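A.B. asks: The task is to assemble the complex, starting from two chains supplied on their own in separate frames and drawing on the hints.
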Amino acid sequence: MPSIKLDNVSVSFPVYSAVSRSLKNKVISATTGGRIGNKANHLIVHALEQVSLSFTHGDRVALVGHNGAGKTTLLRVIAGIFEPPTGTVQVEGKVTPMFDTSLGIDPDFTGNENIILRGLYLGLSKSEIMARMNDIAEFTELGQFLELPVRTYSQGMQARLAFTMATCIEPEILLLDEGIGAGDEEFLDKANVRLDAFIAKTGILVLASHHIELIRRFCNKAVLMEHGRVALFGDLDEVLELYRRRAELAESGEQTKNALLEGVAG
Amino acid sequence: MSILQMARGTAAQRSPLRDAIEDFGAGLKHWELWFTLGWHDVHQRYRRSVVGPFWLTISMGMMIGGLGYLYSGLFGQSLERYLPHIAVGIIVFSTITTIVTEGSTVFISSASTILQTKAPLSIYVYQMLWRAVLIFAHNMCIYLILLPFFDFRLGLVTLLAVPGLLLNVIIGFSMGIVIGGLSTRFRDVPPIVSSVMQVAFFLTPVFWTVETLKGREAFVYLNPFYYLLDIVRLPLLGEAPPMLMWLVVIAMAIGGTVLAVIFFACYRARIPYWV
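In order, the protein sequences belong to chains A and B.
With the first letter of the first sequence counted as 1, position 205 gets the number 205 in this note's numbering; the numbers rise by one all the way through.
With the first letter of the second sequence counted as 1, position 75 gets the number 1075 in this note's numbering; the numbers rise by one all the way through.
Bound conformation, chain B alone (with noise of 0.2 angstroms):
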């Protein structure tokens, strides 16, 4: 089946719910077209440097470096306890964000070849998350760096990071299907977009910890971004996520999936319409 081939029954057989999860099924099924498509675009900026993709990476340890060492001093905290926390917060936060802020323009910025082919529209939403993933690896390689000089206390519950960014990338699907199609309608939103997650950076427990806080701790509990911040951050520093995080990220999946289900089905054949 080609992705040219999208079940086109009678109109009396369509329902907009059934075309919205076809639509989802069949892009996963096109894993081939995004999965190139995605590798193509990391190469694609650093096509003609010499570390190509690595630029993405020594930039982050550059950050991660200079905010570390100035941090833990006003902080007054010990370098090897600060560093990790830090490097692993941003290497997850800056993830998040390439998410939620890709995803916003990720219909708007496909828009040629969303007029000239017929693929199902949740191809170029898969295609942005594969994308991030891969930088994500790319920028893993700071942790591995780091391990053998930090205290990370790694062991078997490490291994939880994995379903942690498994349901980060399921949100970020949601997210990206919600505002990416909004934002073709208007063009407020991709702005919008990006200032709140400059001001989600600060106001997430990035680059400080929860324990400073003191009475206000309803300000952490309240950020969603917290959660899936330390969904992924506390596995890779050696500690299990409590249950009740696990539970809200979950609940955020689930949420997430069934508000993009009912969105597509409302407005997936507009998409092509506003982009």
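For reference, chain A alone in the conformation it holds in the complex (with noise of 0.2 angstroms):
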């Protein structure tokens, strides 16, 4: 059964390249992202701080939050990409990160090639992915096209591989940042039949978006992430209400800080 369990996990970057702390920086930083400390020669931003949550078996989790609240890195934490220097992360189950569809795809190498890329990327063997070369090319249409280098595709061919290469697999726990692309018109109704196969296979999924309506359609739980730290996790409605109304009051900060901004312009 697969399941994760992050206990405590801290993680914090180093930022190197000298950033001047002026008084705008502070002002956005009230705004925006993590929080920003300041270490001897560097700065330090706490990506994540003290966070502690627990997934199990058939717990479909959207993380949601403003830019620069913790999502991507709290997604990297748990695929091990990120190893915190603080809190202990149990993951059982094999993770498979999917964050960026087009991974390893080579414009200048054929379908073909391309899908063995991607298969060995997503953690395949030579022949697993053999086994699955038909499916792939029967789902994407493509034929002949598999024989040519990817850069002569149109824009819908090229989305149409990524999303069959990426859904071609059982992951145990998926992570997602911002869902799949689905590519054309004509495709979206099968493309969309077979996500939600490849979602219901998925043990545990964890989905990291600020689309409401993807998240709706695939969530049954929530976390709200702001400056790195877990606002609330549970019920998907709830978390989504809180996330709504901190969003208006972000808003309404926005305006704030845009007259504060010209201000200090002006």
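Simulated from the structure, these hints should not be mistaken for laboratory data.
What you were told as hints is all true, and nothing was included just to trick you.
Per the computed footprint, the stretches of chain A lying under chain B, defined by three or more beta-carbons under 8 angstroms from a beta-carbon of chain B, are:
(1) 69-80
(2) 95-101
(3) 120-128
Bear in mind that the values here come from a model prediction, so they are computed numbers and not experimental data.
Cβ coordinates follow ideal geometry from the N, Cα and C atoms, glycine included.
C.D. replies: Encoded structure:
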């Protein structure tokens, strides 16, 4: 049974390029991003602070929060890409991070070559990829085009290929950043059916998104992130309601900020 | 097992040293990925050209021909003896240069992949080494072409080039781990490395010989690149490398590996934060 357990996880980034901490930066940091601290000669961005979360099989969790609230960092911690210096992460089951469905797609290589490359990136072996080749070829309807370099494809065809490759696996734990693009109109219905089946096969889904419609479609729980902390974790509707209220609050804050900035500039 | 499923025990059982060694091992196990990526890297550069990666070979062949003809005149040596020396010298030394300079950017240039997939970090170093070996193999065509025309004195001893090359690859691996890792944190390292390698080309007996140094041999014997070069070059020219040379290179390989393990134990987990 796949499960994810984070206990008191904190992650901070050193920023070594000398950033001057002007008044303007201070004002902006009040409304965006994680907290920014200062240590000796470099800045530190506290991307996650004391995050404790626990997901189990069947959880479809949406990560919400405004830009820089720590959603992507949290996904990377769950994926094991960032190992947090403090706190513990326990993940059982195979994790598939899928942050960019076009990762590893090289326009100069043929569709078939790209399928192999992408599959290897997803953690499949060559023989596992070969076993899926027919299914992918059939679903994309790309036929002979798979023998041609991807740069000769239309945008829609490229999106089809990326989508089909992304959904050809059966992940135990799937981490998505902003969903999976499905491509052109005519492909959309077919893609939606496949996407639903793909998500249904997943043990745990963690989806970071601003797209409320997408979240409502796939998720049953949600985490609201604010300045690297978990503001609320629980039932989807409850969290989305709080998120909406906070967003409204931020908007009025934005107006104040703009007024302030104009004052500084003037 | 997939690359996305690294053994991640509970925090209590995890030791940085074991994690570092596991990373090297898991990287080797995923040879299919770096094997394919390395091939693609070589092909990609010359994807739509007629002779493909052999452009590397052709340009190196021209350099060897030009320098060989010029310097055999300058040094007053016969072309028959001198050309094999410079040809093998340039082929091997350019491989060393490729490994060291590309090793210094090995994590930086894979930054987007590192941040998007959970794969052992060592795969990027294996990929770089495999690419360098492939290019070396292409360049060895020059050697094969020269063989019938020049005095190479081949024999069983030539086979010693294989362990020589292997030792170079092992040392290249530890350099890639350590220098590549340092470069993610200190971005001044890659330019420093590439200027060091430029100077090293002239300070190492690539196109001159140790015998002509009369009285300044220490200059060569203190240069690590001399050993790395001649451990492969001598067998290819039909000579067995002296025992001292083997000892020096083996010591470098062992020392480098220990250093790489210690470095990775300390900083492996930080590399994704630094790239």
